[in-house]
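Asks: Top to bottom, those sequences are chains Z and L.
Each step along the first sequence adds one to the number in the working numbering, with nothing skipped, and position 66 is 71.
Each step along the second sequence adds one to the number in the working numbering, with nothing skipped, and position 270 is 389.
Hints listed in this document are in silico derivations from the structure and should not be mistaken for laboratory results.
From a predicted model like this one, the values you see are computed outputs, not experimental measurements.
Glycine included, each C-beta is placed from N, C-alpha and C at the ideal position.
One should not assume that every hint holds.
[As the list claims (entries may be wrong)] FRET-style restraints, in silico, Cβ to Cβ: (1) L:S315 with Z:G52: 52 to 58 Å; (2) L:L132 with Z:A56: 40 to 46 Å; (3) L:E601 with Z:E51: 31 to 37 Å; (4) Z:E74 with L:K693: 33 to 39 Å.
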Amino acid sequence: MKKSYKIEVDCANCANLMEQAAKKTPGVKDAVVSFMALKMTVEFEEGADPAAVMKDVLKACRKVEPDCEIFM
Amino acid sequence: MNKKQKNALYRILISAALLILANVLPLPYWMKCAVYAAAYLTVGWDILRKAALGIKNKQVFDENFLMAVATIGAIVLAVVDGSGDFNEAVAVMLFYQIGELFQSIAVGKSRKSIAALMDIRPDYANIEVDGQLEQVDPDEVAVGSVIVVQPGERIPIDGTVIEGSSSVNTAALTGESAPRDVNVGDEVISGCINLSGVLRVKTTKEFGESTVSKILELVENSSSNKSRSENFISKFARVYTPVVCFSALALALLPPLVRTVMGLPADFGSWAYRALTFLVISCPCALVISIPLSFFAGIGGASREGILIKGSNYLETMSQVKTVVFDKTGTITKGVFEVVGIHHNKEEAARIIEYAAHAECASSHPISQSIRRHYGQEPDRNRVQNIEEISGQGVTATVDGVSVAAGNDKLMRKLGVEFIPCRSAGTIIHVALDGEYAGHILISDLEKEDIREALDALRSVGVTKLVMLTGDAESAAKQVAEHVGIDEYHSELLPGDKVEKVEALLRELGGGKGKLAFVGDGINDAPVLSRADIGIAMGALGSDAAIEAADVVLMDDDPMKISRAIKISRKCLKIVYENIVFALAVKLICLILGALGLAGMWAAIFADVGVMVLAVLNAMRALKTK
């Protein structure tokens with residue numbers, strides 16, 4: 006399942022770091038962050054609960070970029 | 120500027136003022152230090168905070184950390200050598216923040232201008248309730264509802280006009296500025312602007328399935344298909360920063376050690392300073408921001424011309440196209456059959472077409488339609504009896520008591536009528552009246568008027584091979600291919616054969632630098648569109664299947680758009696490479712000069728911010744497609 010979320014982030018490199026962090030989060034099959042569109046597209050593993058996984062994704066992203074936001 | 124940016128601007132101004140005060144006012148040493156500290160913290164506290172958080176979260180190597188270490192290092196050096204000159208530390212932080220602010224404004228601007236290009240989302244639909252117009256969310260309008268579109272409004276949902284006539288502007292979708300006339304019975308497409316009259320439209324789709332939603336979805340998703348250049352840069356950025364950091368560390372420690380061993384003074388201070396200069400240069404911002412920005416602007420600029428590109432990876436591939444394969448119908452030709460000649464035997468041409476049109480009055484075949492169109496009147500069905508359609512051959516019927524047979528060679532043979540074969544290329548409809556041969560009608564699919572110019576334009580942008588595939592007969596294919604100037608053609612192909620031909624052409628290219636583009640009208644050619652390196656669907660306005668299957672969607676059927684698309688992609692890629700080379704070259708030069716002690720921190724920060732500004736300005740050029 007694929008879902009996309011609006012995000013808030015200030016720098017392009019931070020967006021790349023968020024993408025890396027999201028990709029490594031358990032339950033996420035693949036993730037793409039577009040800095041220009043301010044969008045994160047997440048493909049979830051089968052059977053994963055998107056809401057729970059996204060919580061972890063946000064946590065992981067906050068670690069690499071404290072000021073980022075993901076609107077769920 | 121938004122709130123965040125204003126905030127940053129104020130901090131920069133206050134800090135700059137404090138820095139000037141510290142230099143101009145005759146203050147005692149400790150007061151000077153206090154003013155410098157205030158200036159430094161005003162502009163740099165958030166960097167220090169993020170650097171600290173980064174260390175806490177074990178994410179050390181980011182630009183905040185680099186800037187923090189470089190400036191604190193410079194402060195420590197100034198204290199140690201007793202100069203008390205903190206200008207450098209404050210200035211580096213100051214310029215870094217100015218660069219960040221500029222970047223944020225530039226990115227915001229380009230986001231807005233591209234969003235404005237694609238601002239085709241209708242906000243409401245008008246429905247009539249008890250004679251009063253009511254505005255509702257287009258999402259809530261059911262299929263088959265009647266909506267009212269007033270002049271100046273955007274058509275919110277695809278549908279058919281049931282009342283009123285007007286002209287509509289499709290510029291937002293196709294880039295074509297000439298308005299299109301619509302009357303009762305015509306299909307209208309969402310996203311177009313109604314110009315003159317009030318239209319009542321019966322919706323044929325839900326909002327979510329309408330053209331405008333499909334296009335917006337496509338554009339929004341395009342940013343998630345990243346190009347090789349983008350992936351290269353994000354990988355590069357991950358490696359570059361740590362490498363420069365460790366080089367800085369080596370630069371600070373190794374030369375003094377070597378000097379000590381050789382019996383020279385260690386000179387720790389000046390090597391430490393050179394190392395700090397390294398850190399300032401190590402920020403990959405210019406690259407990381409300008410590459411996606413260039414692609415974003417390129418895709419935005421193309422969509423303004425009615426060329427929708429589904430991702431920066433396709434933009435990249437598009438720029439390398441060397442072979443263009445056309446599916447004849449709808450790309451080289453109009454895909455509309457027309458009667459181009461009536462070769463009569465005994466009867467008059469007008470009578471032949473009249474009988475044929477009546478005999479074909481019940482058929483919906485494109486050929487029959489073209490005969491009826493040429494006849495120019497609605498056939499009178501009362502004059503026609505005993506209509507019999509023979510699949511793959513033609514039609515027999517009785518018209519005004521005369522038995523009419525209209526069809527191909529097979530039909531004539533079956534009826535035992537002797538016919539005269541036609542030398543011209545195209546579809547031939549023989550007509551026999553009361554079992555006697557009367558003549559034949561020549562029908563052909565007309566070439567697009569500007570197809571030759573379009574093919575020349577393709578050659579001029581570096582396409583070396585033009586191939587035409589068609590299901591038509593050899594003679595028809597040959598005539599068209601020779602007339603428009605195609606290099607290679609393959610005729611009498613079934614849909615499956617087209618995939619094979621494209622695969623063979625791909626093998627010929629050998630998977631090298633040159634790429635193959637397939638251009639189709641999006642009908643029945645989804646497998647070939649997806650097999651080619653890049654699938655281009657043209658005349659896609661209103662055809663969902665084409666929009667889904669293709670990588671590049673041309674909203675109208677103008678063949679000139681193919682070379683435009685290649686040109687736009689070339690320009691965008693050129694900008695991307697310029698930025699990569701320029702930014703890397705400047706950084707490398709600064710690193711070398713820094714290591715040799717020829718460039719100080721001032722030069723480093725100017726180089727860093729300057730490259731970023733230039734790269735961003737260069738990236739914005741991709742938006743201008745003219």
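Asks: Each hint needs a verdict: does it hold in this structure or not?
Replies: Verification of the hints:
no. : hint                          : verdict
1   : L:S315 with Z:G52: 52 to 58 Å : 55 Å, holds
2   : L:L132 with Z:A56: 40 to 46 Å : 44 Å, holds
3   : L:E601 with Z:E51: 31 to 37 Å : 55 Å, violated
4   : Z:E74 with L:K693: 33 to 39 Å : 35 Å, holds
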